[in-house]
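Trainee: I would like the entire structure built from these sequences, with the hints used as guidance.
Count along the sequence shown starting at 1, add 41, and that's the number in the working numbering.
Read the hints as simulated data drawn from the structure, not as lab findings.
Misleading hints may appear alongside valid ones.
Now the in silico label distances, taken between C-beta atoms and shown as ranges [unchecked claim]:
id : residue 1 : residue 2 : range
1  : C297      : P88       : 23 to 29 Å
2  : D239      : C297      : 24 to 30 Å
3  : E358      : R474      : 55 to 61 Å
4  : R232      : G103      : 28 to 34 Å
5  : S132      : R390      : 23 to 29 Å
6  : A324      : G103      : 47 to 53 Å
7  : G393      : G103      : 30 to 36 Å
8  : S132      : P395      : 29 to 35 Å
9  : G296      : S218      : 25 to 31 Å
10 : S289      : P88       : 56 to 62 Å
11 : D193      : G80       : 17 to 23 Å
12 : A441      : T222      : 50 to 56 Å
13 : D148      : P72       : 19 to 25 Å
14 : G243      : S447      : 34 to 40 Å
Glycine included, every Cβ here is placed at the ideal spot set by N, Cα and C.
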Amino acid sequence: MTSAADAPVNAVELLVRDAELLVVDGEREIPGGWVGITGGRVTGIGPPGTEPVSRTTVSAAGRLVTPGLINTHHHIYQNLTRSYAPAVNGSLFDWLTTLYPLWAALDEEAAYVSAYVGMAELLMGGCTTSSDHLYVHPRPRLVDAEIRAARDIGFRFHATRGSMTRSVEDGGLPPRSVTQTDEEVLADSERVVKAHHDPEPGALVRVALAPCSPFSVTKELMTATAELAERLDVRLHTHLAEDRDEDSYCLETYGCRPVEYFEETGWMSDRTWVAHCIYPNDAELRRLAAAGVGVAHCPSSNMLIGGGTARVREMRELGLPVGIGCDGSASTDHASLWMETRGALLLGRYRGGPGAMTARDALDLATRGSARCLGRADELGHLRPGACADLVVWDLHAVALAGAVSDPLEAWLRCGPARAWTTVVAGKVLVDRGEPVLPGLADALRTHGGIARRMQQGA
Numbered sequence: 042m043t044s045a046a047d048a049p050v051n052a053v054e055l056l057v058r059d060a061e062l063l064v065v066d067g068e069r070e071i072p073g074g075w076v077g078i079t080g081g082r083v084t085g086i087g088p089p090g091t092e093p094v095s096r097t098t099v100s101a102a103g104r105l106v107t108p109g110l111i112n113t114h115h116h117i118y119q120n121l122t123r124s125y126a127p128a129v130n131g132s133l134f135d136w137l138t139t140l141y142p143l144w145a146a147l148d149e150e151a152a153y154v155s156a157y158v159g160m161a162e163l164l165m166g167g168c169t170t171s172s173d174h175l176y177v178h179p180r181p182r183l184v185d186a187e188i189r190a191a192r193d194i195g196f197r198f199h200a201t202r203g204s205m206t207r208s209v210e211d212g213g214l215p216p217r218s219v220t221q222t223d224e225e226v227l228a229d230s231e232r233v234v235k236a237h238h239d240p241e242p243g244a245l246v247r248v249a250l251a252p253c254s255p256f257s258v259t260k261e262l263m264t265a266t267a268e269l270a271e272r273l274d275v276r277l278h279t280h281l282a283e284d285r286d287e288d289s290y291c292l293e294t295y296g297c298r299p300v301e302y303f304e305e306t307g308w309m310s311d312r313t314w315v316a317h318c319i320y321p322n323d324a325e326l327r328r329l330a331a332a333g334v335g336v337a338h339c340p341s342s343n344m345l346i347g348g349g350t351a352r353v354r355e356m357r358e359l360g361l362p363v364g365i366g367c368d369g370s371a372s373t374d375h376a377s378l379w380m381e382t383r384g385a386l387l388l389g390r391y392r393g394g395p396g397a398m399t400a401r402d403a404l405d406l407a408t409r410g411s412a413r414c415l416g417r418a419d420e421l422g423h424l425r426p427g428a429c430a431d432l433v434v435w436d437l438h439a440v441a442l443a444g445a446v447s448d449p450l451e452a453w454l455r456c457g458p459a460r461a462w463t464t465v466v467a468g469k470v471l472v473d474r475g476e477p478v479l480p481g482l483a484d485a486l487r488t489h490g491g492i493a494r495r496m497q498q499g500a
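Mentor: What follows is the structure in C-alpha cells.
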C-alpha cells in the first residue's frame, strides 16, 4: 500500500489496481481491473489504463479482487469454547446441553474480547460484513459489548438480539442460568434497537431481533418479536429446520412441523432470514420462497455435526435468497468465509453433481445472496459505483497456483487455501499484507485466552 502526499485535490482516496481479475458482481468481471474509492463508497471501476489519480494505492497485481464476503449467521462468543473436547463428537442437542453451562459465565468483557478476536478472524478470511446471533444472556448488555468491539475496529456489523426463555424446567434445552423472561427479552430488544440500529444507507451497525429457535422460546415470544420487528422496522432471524429432533419437538409441543409453527407466529415474511433450513419438505420450501424468507447456508457446521445440509440449488431455483454463514466457532471451529464458500462449492457438487455448483455460484452466495438475506442488496455484495467500499484482495501462494493459468476465480476456490491479502471495509484497510491492522488485537488475544481457560476449566 503506497500513499501520495502531493495527490491533487480531486484524487480518489483509495485505488485498488492491476487485479489479475476484478469481480464486480455476478455478471461482470474485468481482467486487470481497478476500483476507486472515496467517502466509503465505490466511485469508479474500469479496465487497465483508465485508472484515476489516487491518494493511496493498493497493488493487486497477480491477485483476485472480489466484493467483501458477507457472513449471515454466526455465534461469535462461542470462540471462547472452541474445540471443547467433551462436545466435539455429540449431536446438535448433545453439543448444546454440554456447552450451555459454560456459556453461563459470559459477561461484558468476554462478549467484547470474543467479538474483537472473532471479527479479526473474519476479516482475515475475507469477510467485511457479519451478522451475529447472541442468544445467551446470563448478564445484561452483552450485545452492546459486541457492538462496541465492531465500532472500535470499523467492522460492518449486523447484531441480532437473540433470546431463550424456555429452560429445562419449562420443557426446553437450556438451563435457567442463560434464559430470560419474555418481558425482559422484549424490553431489552427495543432498547438495543433504539440505542444502536442505524437504518441509514451505508450503516456500519444494524440490529435485528432473533429468538434462538422453536425449542428455546415460547410461542408468545415468537409472535411478539415478529410484531416488535414490524413496529421498529428491523429484520428477524432464527434457526429453523436444523435437526430432525426439531421436527419431533415441534410436533409434540405445538402439534405442527417447524415451518408451520414459524408461519403461525408471524415470521413468514421477507424481513426474515433463517439459519440452516435443512429439513423443510417441498411444499414448505415453496411457501418460504413465496414469502421471500432468506436462508443462511452453513456448510462446515452441518458437516461437522452430521445433520444434513440445505438444498441450496433447489432454493435458488425457487428464488429464495441464500447466503453463507460460518456458524458458531464452537462447532465450526473457524471463522473463515473463504472456507465456507469453498465448502458450499463442494457440498453443492456432492449433492447435485459437477454441474450443480461452480466457483462463481459459490461466490455469488457469499456476496449477493448474503446481501439479500440482510436486506442490503442495493449496496453490499457487489462493486458497482455507489456500493459500499467493501472488498478483498486475495492471496494464494505461488506453489498452490502453479499450473492454474486459465481461470483465476475457479482457482481461488479449487487451489487454496486462500487468505485475504488486503481487506477493505467502508474504504478503510483493515487487513494489509495478510495481517490485521488492529491495534487492540494483541491485548484482546491475551484477555481472550485467560477467559477461555477459566470458562472451560471451571465447568
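Trainee: Would you mind marking each hint as holding or not holding in the structure?
Mentor: Hints versus structure:
For C297 and P88, the Cβ-Cβ distance of about 56 Å falls outside the hinted range of 23 to 29 Å, so the restraint is violated. At roughly 37 Å, the beta-carbon separation of D239 and C297 lies outside the given 24 to 30 Å, and the hint is violated. Distance hint check: the CB atoms of E358 and R474 are about 41 Å apart, inconsistent with the given range 55 to 61 Å. At about 49 Å, the beta-carbon gap between R232 and G103 misses the expected band of 28 to 34 Å.
At roughly 26 Å, the beta-carbon separation of S132 and R390 lies within the given 23 to 29 Å, and the hint holds. Taken as a hint, the range 47 to 53 Å holds for the pair A324 and G103, whose Cβ atoms sit roughly 50 Å apart. Between G393 and G103, the C-beta spacing of about 33 Å keeps the proposed range 30 to 36 Å intact. For the pair S132 and P395, the beta carbons lie near 31 Å from each other, so the given range of 29 to 35 Å is met.
A hinted range of 25 to 31 Å for the beta carbons of G296 and S218 is consistent with their spacing of about 30 Å. At about 57 Å, the CB distance of S289 to P88 agrees with the hint of 56 to 62 Å. Between D193 and G80 the C-beta distance comes to about 21 Å, which sits within the given range of 17 to 23 Å. Checked against the given bound of 50 to 56 Å, the beta carbons of A441 and T222, roughly 53 Å apart, stay inside it.
At about 51 Å, the CB distance of D148 to P72 disagrees with the hint of 19 to 25 Å. The given range of 34 to 40 Å is respected by G243 and S447, whose C-beta atoms sit roughly 37 Å from each other.
Hint compliance for this structure: hints 1, 2, 3, 4, 13 are broken, all remaining hints hold.
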